[in-house]
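Colleague: Single-letter residue listing:
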Amino acid sequence: MISFYEINSILADDRQETVESLAVRANRITRQYFGRTISLYAPIYLSNYCENQCVYCGFNCSREINRKKLTQNEMTAEMSCVAVSGIQNALLLTGDSTAHTPLSYLKVAVETAKKYFQSISLEVYPMEVEEYSELFISGVDGVTVYQETYDRANYLKLHISGKKRDYDYRYSACERIAKSGIRYISMGVLLGLSDIPEDVYELFNHLEWMEKNYPAVEYSISFPRILPVPGTHFKPHPVSDIMLIKLICLARILFPRVGINLSTRENAELRDYAIELGVTRISAASKTSVGGYTGVSKDSLQFDVKDNRSVGEIISMLKAREFDPLLTDWRRIENGP
Amino acid sequence: MIKDTPLIFDGKELNNRLFLGTGKFKSKKDVAACIESSGTQVVTVALRRIDLNRYEDNILEYVPKEINLMVNTSGARNAVEALRIARIAKDAGYGNWIKVEVINDSKYLLPDNQETIKATELLVKEGFIVFPYISPDLYVARALVKAGAAAVMPLGSFIGSNRGLRAGDFIRALIAEIELPVIVDAGIGVPSHAAQAMEMGASAVLVNTAIATADSAASLAKAFSLAVEAGRMAYLAKPPAKLDHASASSPLTGFLFKDEK
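Taken in sequence, the protein lines are chains A and B.
For the first sequence, this note's numbering begins at 4 and goes up steadily by one.
For the second sequence, this note's numbering begins at 976 and goes up steadily by one.
In case anyone wonders, no lab produced these hints; they're calculated from the structure.
There may be inaccurate statements among the hints.
As the list claims (entries may be wrong) - With a Cα cut of at most 27 Å, we get these calculated DSSO-like pairs of lysine-lysine:
#: 1; chain 1: A; residue 1: K110; chain 2: A; residue 2: K166
#: 2; chain 1: B; residue 1: K987; chain 2: B; residue 2: K1065
#: 3; chain 1: A; residue 1: K322; chain 2: B; residue 2: K1093
#: 4; chain 1: B; residue 1: K1040; chain 2: A; residue 2: K215
#: 5; chain 1: B; residue 1: K1065; chain 2: A; residue 2: K182
#: 6; chain 1: B; residue 1: K1065; chain 2: A; residue 2: K322
#: 7; chain 1: B; residue 1: K1100; chain 2: A; residue 2: K215
#: 8; chain 1: B; residue 1: K1100; chain 2: B; residue 2: K1003
#: 9; chain 1: B; residue 1: K1197; chain 2: B; residue 2: K1001
#: 10; chain 1: A; residue 1: K322; chain 2: B; residue 2: K987
#: 11; chain 1: B; residue 1: K1100; chain 2: A; residue 2: K182
#: 12; chain 1: B; residue 1: K978; chain 2: A; residue 2: K117
#: 13; chain 1: A; residue 1: K238; chain 2: A; residue 2: K215
#: 14; chain 1: B; residue 1: K1121; chain 2: A; residue 2: K322
#: 15; chain 1: B; residue 1: K1065; chain 2: B; residue 2: K1093
#: 16; chain 1: B; residue 1: K1065; chain 2: B; residue 2: K1004
#: 17; chain 1: B; residue 1: K1197; chain 2: B; residue 2: K1233
#: 18; chain 1: B; residue 1: K1003; chain 2: B; residue 2: K978
#: 19; chain 1: A; residue 1: K322; chain 2: B; residue 2: K1100
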């Protein structure tokens, strides 16, 4: 068994035999706990209005980009367009703006999404337990909230203004989500912001603490590699493919039952190999702009998609690699007491 | 030869005592192949995994009509959620056999026995045939008898662990004391574990991970079916007790007592 104290030395060792031995263990554990199944989800961007100034982000409030939030009719069009693919797990995203996308807006989005999807998750600004509870009862099953980086000093440098500058409020969001009754929590760090071993060590500690204190929640983690956003000066630290794969393998070995997500930020080849090594959930045919599926607006991507395959192509790839694609992993029930 | 009697639930006679779980398989076709090779008559399916949108990805398309479907409440964290899932299954026409899975711990995936008892009470009142999945505990099993469960399904060891009957002593107590059929679920990793459970007097075993993740699922499903049959036959045949010392076929000291005859 690997301990948290070995993270540093493993991440510093890029020899093929080290990476291969991690991969062999991660592969075996993944097959034992998840079998040969991969869940699919679709991200849907509802709004890019944001009140935070995060130096690495395309939605940064100081940037002059076209701001857009979907009306209810546009949401309906966007969601029905995604649902045609057969994917029944939706991740609804907004920038952090309580003014433009308040709780009431999110609830309308959830009500609309319920007509098209069996499982709905949100990636929005952190909020209070009562607000999460309202969203849970309205039909939200999961919430994604990445700490971005666990390096406090660097966190303050990267998040110049806005509510997101409050490190502790963001850190404690996972606990508030768990208290609200929400089933799934997705945690993560943005790779390329800070020192990776330290960030990952803290992420794993955070996850372990959550598992101990809120065991009823199903957890998943993500390791998105931050890419430079055109028009910004921010230069992320480069993160190699070997590093990303080692992180996926380490996470799998240390947390055998935790889900690992991999988005279309990564290219097709890497994604096709990563599903053997611990990744259990992938997005497909993602559009990362607001209204991107219906073409309401094509500009202002949150990040560039590197894997442009259609849902059909992803399903064919999974079947060819002897995986069973899971387009649904939940059947909507009435949430709450 | 001793003749076995079928296991009966809800008037349905079961002659094959291997129940098959359908999660983790690399394809739905593999599930169909395992149903065929094992001759199983009971298949469990998680409602959350039934894909109604796509014909080729709907597990139910791969389960022959004569097989008894046991929908499980995977994902339920309390009794009320289990009830809600069971109702959806019933309304959708998936029958009324429900395997209650109430799990409140995503790390160990141990069933929540208290909520399982509550769920069983609620479901029995609504006319379901209820198969509760539990950590083996005699008090819980007695409460489930009282609640009207059709069987009790204790775990052999942690789900998906392939570790066999780590909880064997506790399961043996359930078999000895509980009038309901005891179906060993979870942790059965190889056919010999299944045979062991049947030799102990389990009424059936449920296997999923071991079969689903084998290189040749259909062959292993068949092997499990044979092991279950062998274990059952051995149980009925009442093999001699295990001794921790030698027992000679003829007394070695008979000559000392010949005058007593």
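Colleague: Against this structure, judge whether each hint is valid.
Modeller: Here is what the structure says about each hint:
1. Between A:K110 and A:K166 the CA atoms are separated by roughly 21 Å; this keeps the pair inside 27 Å, and the hint holds.
2. Restraint check for B:K987 and B:K1065: satisfied, since their Cα atoms lie roughly 18 Å apart, inside the 27 Å limit.
3. Of the supplied pair hints, the one linking A:K322 and B:K1093 is violated, its CA atoms being roughly 40 Å apart against a limit of 27 Å.
4. Straight-line distance between C-alpha atoms of B:K1040 and A:K215 comes to about 43 Å, which puts the hinted pair past the 27 Å bound.
5. In summary, the hint linking B:K1065 to A:K182 is not supported, as the alpha carbons are separated by about 31 Å, beyond the 27 Å threshold.
6. With a CA separation close to 31 Å, the supplied pair B:K1065 and A:K322 exceeds the 27 Å bound.
7. Taken as a hint, the B:K1100 and A:K215 pair is broken in the structure, with Cα atoms around 35 Å apart against an allowance of 27 Å.
8. For the hint pairing B:K1100 with B:K1003, the CA-to-CA distance comes to about 34 Å; that exceeds 27 Å, so the pair is violated.
9. Proposed proximity of B:K1197 and B:K1001 is supported: the alpha carbons are some 18 Å apart, at most 27 Å.
10. Of the pairs offered as hints, the one joining A:K322 and B:K987 is violated, with about 36 Å between alpha carbons and a cut-off of 27 Å exceeded.
11. The suggested pairing of B:K1100 with A:K182 is violated, with an alpha-carbon distance near 31 Å, which exceeds 27 Å.
12. Distance hint between B:K978 and A:K117 is unfulfilled; the C-alpha atoms sit about 54 Å from each other, more than 27 Å.
13. The straight-line distance between the Cα atoms of A:K238 and A:K215 is roughly 36 Å, outside the 27 Å bound, and the hint therefore fails.
14. About 46 Å separates the Cα atoms of B:K1121 and A:K322, which puts this hinted pair outside 27 Å; it is violated.
15. Between B:K1065 and B:K1093, the direct Cα distance comes to roughly 19 Å. Compliance with the 27 Å bound is thereby established for this hinted pair.
16. Annotation: proposed proximity of B:K1065 to B:K1004 holds, straight-line Cα distance about 25 Å (limit 27 Å).
17. In summary, the hint linking B:K1197 to B:K1233 is not supported, as the alpha carbons are separated by about 54 Å, beyond the 27 Å threshold.
18. Between B:K1003 and B:K978 the CA atoms are separated by roughly 35 Å; this puts the pair beyond 27 Å, and the hint is violated.
19. Using a Cα cut-off of 27 Å, the hinted pair A:K322 and B:K1100 is violated, with the two alpha carbons roughly 42 Å apart.
When held up to the earlier numbered hints, the structure conflicts with 3, 4, 5, 6, 7, 8, 10, 11, 12, 13, 14, 17, 18, 19 and fits the remainder.
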